[in-house]
Every structure is written in C-alpha cells, then in structure tokens.
Amino acid sequence: MDSVANPVGIRLTGMDVKFHHRVKGEVYAARDVNITVAPGELLTLLGPSGCGKTTSLRVIAGFQKPSAGTVHIGDRDVTNVLANDRDIGFVFQNYALFPHLNVFENVAYGLRVRSQPQAVLEASVGDILRMVGLAGYERQMPHQLSGGEQQRVALARAIVVKPRVLLFDEPLSNLDAKLRVSMRGEIQSLQKRLGITTVYVTHDQEEAMAISDRIVVMNQGRVVQVGTAGELYRSPASIFVAGFIGRTNLLPAVIRGAAGGRLTLDIVGTAHTLDGAQTDLGSGSKVQCVMRPETIGLTPESAPGTVPGIVRSRTYLGEKTEYTVEVSRQQLFVVQFGADAERFAPGAAIGVALPVSGVQVLSGDQS
Amino acid sequence: MAEAETRPGRVGLAAMLPRDPALAAAILVIWALLALFVIYPLAALLMRAFVADGTFSLEPLLQVLAQRQHRVALVNSLILGALVGVIGTTLGFLVAFTVSRAELGKGWVRLIDIATLLPLISPPFTTSIAFVFSFGPRGLITHDLLGLKAANVYGLYSTLAAESLTYFPIAYLALRPVLSAIGTNLEDMAFSLGSSRWRVFRTVTLPLCVPGLANSFLLLFAASLADFATPLVLAGNAFPVLPTEAYLQITGMFDLKGGAVLSFVLLVPAVLVFLAQRQWVARGHYVTISGKAGPQSAGQGLSPSARWLLIAASVLLGLFIVYLYALLLYASVVVAFGANHALTLGHYKVVFTDGLKAIKDTLIIAFIGMPLGGLFGVLVGYLVARGEFAGRRAMEMASMANYALPGTIVGIAYLIAFNDPPIELAGTALIIIACYIFRYSPTGIRTTVALLQQIDKSIEEASLSLGARSFTTFRRITLPLVMPAFFAGLGVVFIRSMTAISATIFLVSIGWSLITVRILENMTELSLGPAAAFSVFVIVIVMAVTSLIGLLLERMKASLGDTSLSGMAAG
Ligand SMILES: Nc1ncnc2c1ncn2[C@@H]1O[C@H](COP(=O)(O)OP(=O)(O)OP(=O)(O)O)[C@@H](O)[C@H]1O
Ligand SMILES: [Mg+2]
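Chains A and B supply the protein sequences, listed in that same order.
Just so we're aligned, residue 299 is where the first sequence starts under the working numbering, counting upward by one.
Just so we're aligned, residue 766 is where the second sequence starts under the working numbering, counting upward by one.
Keep in mind the hints are simulated off the structure, nothing from the lab.
If a hint is listed, it holds; no wrong ones were tucked in.
Within a straight-line C-alpha distance of at most 30 Å, the following computed DSBU-like cross-link-like pairs (lysine-lysine) qualify:
id, chain 1, residue 1, chain 2, residue 2
1, B, K1222, A, K363
2, B, K1222, A, K316
3, A, K490, A, K460
4, A, K476, B, K1222
5, A, K363, A, K460
6, B, K1322, B, K1222
7, A, K322, B, K1222
8, A, K476, A, K490
9, A, K460, B, K1222
Fair warning: this is a prediction, and the values are worked out from it, not measured in the lab.
Model the full assembly from the supplied sequences, consistent with the hints where possible.
This is the structure we're talking about:
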C-alpha cells in the first residue's frame, strides 16, 4: 500500500462535551479543548482515567456530538458531519470486529461499502493482510483468533480504506506487555510509512513517549500541556505533568534571589544555585523543583557541593541501579548508571549532588 | 448512554431526532404506527366510554358499577387473579426448585419441560376442554372412575385449576433462572455453617427468591385477569368475570359502549399490575449473584426424603398435564367422548372440510404477521436500545401497551377505532394482523434489547467509521447479530396468531375467520369432538413451526461461536 498523497490536519477548537450525571448534574467530559494535529503527524492524547481522552477522540470520529466548539479535518468543518462521512479509520480498544464475518469480510467491509469492484477488493485485502502478517487467515472467524491477531485485523480493517485520519483508542491495552511493545513499534512504522494523520489515545506514558511525534496531556477534561516527549519530560509546565511523565522528585524550596539567569534557593536545608532556571517569582516565594532521578549524583562521602544523605534502599536492575536516599528528612529517588552504580549499601552515609541545571521550577501552590 | 446537549440551531422536531436521516425516518415511521395501532384505539375506547355529546362524564362508569352483576364480576376477577397468582407461582416454584436442586434424571426433566411447554403453545380452550372431558358430567374421572352422576365441573374451582395449570409455566420460566442464579454454593455455605436444611431454605433461598416470586405472581395475576377463554367455558353463570361480561355485553346485547366501560374497569387493575411488575424489574430487584462464580456443587440443601417428595410432586404434575392432553387427543378420535368410544377420523374430516376456511385464514394471517411482527420487534428494540432521541422511553412504553393490556380491551378498542371512517378496517385481515403484531411483538422487542445490551456499541460504530450509513450498518451488522431475537419474536407472533382469541374474537368477520373462534363455536354447540380435533391440529402445527425455529436458532448460535456476541472483548 502506498502512502497517502496529501495528508490533512485536524483541528479541535473550543470543544466542550457536557453530560448529564444523575447525581452531579452537568459534568464536563471535555472543557475548552483546543488541539491541532499537523498533517501526517502521530499525536497522542495522554492522561489519567476519566480525563476525557476517549471523549475527545469520539468527537473527532463523529460518534459524539460536542456541546460546543468545532472540528475541522483538513479545511472542512465536519462538526455536523456524520461519522460515516468523515473518512476516518477507528481502532477500538476491544477491536470491535464483526463477529459474524470472517477475517476477509471484516477487512473487506469498508471496501464493499464503497462499492469497490471484487477484483480490486480482493487485491487490497490480500495486500493489507500480508502487511499485518495475517496472510492465510482469511477464512478464520474472529472468535478463532488470539487477541494480537484480532488487533491486527482491526488495524487492517481501518487502514484498508485509506482513510485521511486514523484514530486509535487504547488499541494495545488488552495485550500482554511484550506484545504491546512489539505492536506499538509496528503501528508506529506503519503510520510513518503511510503518512496518515493519526490521533492515538493511551493512559500509558511510556507507550505515548515511544510512539508519538507530539503528546497532548489531559487532566479533568482539559488540555494541560502539549509537546514532544522530550519537552514534556524536561520542561513540564505543571506538577501534574511532571508527575505524569516519567518518574521524578518534587522538592519544596524557597527562592532566595535571582541574578543573571542564576537562581538561588533554599532546598533540602541548604542554599543551592541553579543555572538557566526560569521563574517570574520573587524572593521568598515557595516553589517546587522538578529533579529527575538521573540528574542527581551520589558520591561516597560529603564533598564540596554536595549535601549529606543516607541510603535507605537500593534496587539493582542490571544496566542501572535505583536508590532511595534520605536528605534532610526528605526521600529522594535516584537512578545511577554505569559499572559501579550499585556501590552504595543501604545505611551508608553519602554525599548527594543536586543538579545545577535542567531543573524546572514551578510555583509551589499549583497542583 | 447519556445524550450530549443538543447543538443550538436545531429546533422543534429536528432537535428531538438524530441527525442521521435513516434513523430519523425509522423513528417517525415507528411512532406513526404506534400512534395508529396503539394510542388511537385506546383513545377511541376511552372516548366511547366516557365522552357523550362532546362532554366528558364518569356517569357511564358509575352506572356500570351500580349494577350488582358487574361489581360481582370485578370482585370475582380480582379473586380469581390473586388465587391463580398464588397457586400458579407455588406450582412454578415447586417445579423450578425441583429441576434446579433435586438432580433429576434427564428423562424426567424432559418430561417436565414438555409438560410445561404444552400449555404455553396451546389454543386457549385446551385445558378447559380437557377438564370437561376429565371432570364433566360424563368425565373420565368423575363419571367413569368415581361414578358420580351429574358432576358439576363449572365454577370457581375448575376455572382456578384450569388457569393455574395453563399459566404456571410462566412462573416456572420466570423462577428457574432466579433459582439457578442463587446457586447451590451459597446454600451449601449456609449449610456448612451449621444451619439445618429447612432453615437454609427459609433464611437463604426463599428470601433471595422473593423478588422473583413477586414478579411471577404479578405476571400470573395479569394473565388470569386477561383470560377470557377459560372462564367462558368453565366459569358458568355462577362465577361471572369481567372479560366474559364485556364480551357478552358486546356480542349478546350489542352494547359497544357498555363493553367499553366494562373493559375500562378491567384496565385499571391491569395497568396497576403492569406498573408494579415493571418496578420490580426496573429497580434491579432481580437476584444477580453470579451463576458463574466457580463450579456449583451438586448441592446438599435437600434431604433425601424432601428430594423424593419434590420429584414425586413435580412428576405427578407433569403426568397430569400429559394426561389432559392425551385425553384431548383421544376425544378427537372417538365418536363422542363419554358416550361412544368407537374410533373415528370424522372430527378431523370436519376440521378439513367445514374448518378449512378458518384454517386457511388463520395460516395466511399468521404467516403474514410473523415476519412483519419479527421485523417490528427488532426495529423497535434497536431504537429503544441504541437510539438517542427524545421520547425513547415513551416509545418503549407505547410498544408494550397492547401487550400489557388484557386482550379484551385491545379487541374492543380496535373494534371501536376501526369500525368507521376515517380508518375503516373492520372485516379485513389487516385488522387482525395488526392486532397480533402490536400485541405480540414485545417478546421480540425485549429479546432484541437484551441481545443488543450484550453486543458492544463499538461494533456498530466500527461500521460507521468505515463509511457505512446507519441503514447499511443496521442491515449488514446489527440485523445479523440480532437474528436470534428476530426469530424468537417471529416465533411468538406465529404461536399467538395460531392460538390467541381474547382480542381477535371481536375482530373476526365473515371474510376472515380464525381456528380459535371455530373452537369456541364448537364448544358452545357442544360439538366437543371437532373442538378437540381443531386443538390437536393447532398444537401440531405450532410445535412443528417452533421446533423449526428452534433448530434455526441452534444453528445460528453454533456459527457465531460462544464469545462472539459480547463484542469480542478479549481480556
Ligand atoms: N456517555 C457518557 N455519559 C455520561 N458521562 C460520560 C459518558 N462518557 C464519558 N463520560 C464521563 O466523561 C469523563 C471522561 O470520559 P472518557 O471516556 O473520555 O475518559 P478517558 O480519558 O477515555 O478514560 P479511560 O482512560 O478510563 O478510558 C468521565 O468522567 C466519564 O465518566
Ligand atoms: Mg477511554
């Protein structure tokens, strides 16, 4: 199958989705959501359960009417266009294969609906089944397939009609861990090869980071941050994003002063100076510092530029070792790499070197 | 699924309907049909009963209730309904409990299943005729066995017994799933905690069954309240009940208004019972303790003597029903039961000569109504389960109304509504077919809803996302998946078209007659032989068609696989 000639973008503008809840009254499943997907891009919606990912995806698909706002696919306003007229492919969490049709007919369904001639249809279905590694499965019924195979059929069925937009709702969540990793690789390479604009929903941050061009982080119906995996990891805009993307230490601190791009703060009982940290807050403000576990250094004993700490626990994981270290009655999560990474025993008194750059400083009262 | 706020800009009717044109059209068509064949007749009935010269008045109701005869009929109906409810539920529970707990042999279970199926698929007079043969003045038991001269089979007791036997299978079918859902593990647990078996039954099993028992009582109460055929044959003058009174008012005295008012009196308890029964179901009072929770042990809740007692009682009941049907069969092949027992096929000859027109009419009506009723059931079920539009609940209620109401009311309502212009259908086959479709499609509707609740909505969304319009999706995806409901619904419409009488007795004409009406005529002329032969004929046809449908359903299930209907939710 060839790549899509002219990939289109998607634009959600000011989208609200309201539901009537029996007890709570009106609840917003999505609130003022603005999302732009570039042509050919793979964009992920990421967030905790119930944050409105599926709802947003269903609005793009046309399964859900938004209470306010518009949806554009390419230049076309599709807000009032029915799902069957939006030229999309949707892959469902439960695959949603047609149980009364065999694999061939499942995949052929969209082509039949488009009244493709039998010869074209057979060729396309054959191609696509080969592509997802299911040649020879044509006559199987869905209930005779494994979860992974059903997944591939669902994928084949969605892309065989060459949709302008591909939508995935947690397509891998019913698979075991290993299959999940290999399937996400396949989805990603397929998407890149076909160049179809794709929106992918997941609540698994690792999956999101592995697969996406960009990630939209959602919480409680709102978009909280948009960026590449690296941007979100290095510069989370909020404590929520910092906690959701990767493992992290959030350390309370008080600003002492800022000068020449350098920021001095009181943290874990000492004064510490950061390079290139951005903040508008003045002296005396309470803040939270986002320190990633691999940016914190450990030394055998207190050395200049370190603060004293005690090793509380150690987990050896082969290529890395994870520590919990107590500093000034705060627990720090630290990751060490390299040959002697596991050298500190629990109970040992050590020196802890806090990073002087690449630290995100967030206003302390936000959550 | 809750509905998102409707978008601004769409007002009036358009705002209440889905954006999809095919869906909107289907909703409008169904509403039009319901308005014409459910709402309009009922409104016409109420108008005829209570509106005179353009003014509303309850006077007719008071007049009717002022007559002692009618008050007695009302009280009798209620008493009979309550008694049938209690006795039928008891019998149903007894058999359901025996089948689910007493480890019966396969053969016995089969006997019980047949014995409980027979009354459900028989024409309405069957039990009554068999009762006359068995307990009448020349009955096998009263006359031949006990030597009673001039035994009186007519009155409350025989009506009660015949109705209980006819309707207890409803209780059995309602209670069996409840009992198997409770499962023996729970009872065993209580037993292992040191309770006596009787105590386990009293404190665990019975309380858990209460919602099921209440539901079955209400179902039987409603069935008895609506039953017109059994009292007509067995109740006699000593025990008048409402449906027969209303019938006699119309056919005997040609008093349509009086009949309308009487049937309204019947309507009030019927509606109350319907609402009460819905309440039980809606509030989820059903026992939902999973039957899947691990393997069930054989159960130790029964002592050996109790087990044998239960088996004996159930088997006796089954045998008694089989005996009644055997009697019916026998009476259809002898010259005159009780007087001349020489074998003859004469009655069947009557059936296939004199009765040929009724048979042809009935079959034509049944075979036309069957697919239409099945389709109607699936369509309404689909809209009720999947549609998102204002008035969905109202549509569901309206589609159930003719089914929940006693047939007498529906029949009189149709008679009043369609006798004169603007919509004159009296004397046509259409009026009978419509009556059957709108009265007996609720089984199909409910089966469709139940099936669709098991089929994940995403399967239909998948079809939409692939570019199929909602009509294509319905035809190619939904319809094949709800085929079992289609056939179940169609089967019920067929059975009822062959066996029902309470509503259609008012709708038959010279042009279109029905077998059941012929049976009634034979009964009143005391030609019991032909009546028996007609009944046997109907039972055979109905059994043949239902087994065919059953076979088809089996095939369908096998081809879909076990997990298929749950939407392939792996994991
Ligand atoms: N049809 C509906 N009716 C009422 N509330 C709904 C409906 N659909 C979703 N919601 C509510 O909207 C919110 C967002 O739901 P949504 O399915 O979009 O979450 P999600 O981010 O996909 O979560 P998950 O990761 O668990 O799938 C939830 O609080 C949910 O309860
Ligand atoms: Mg979701």
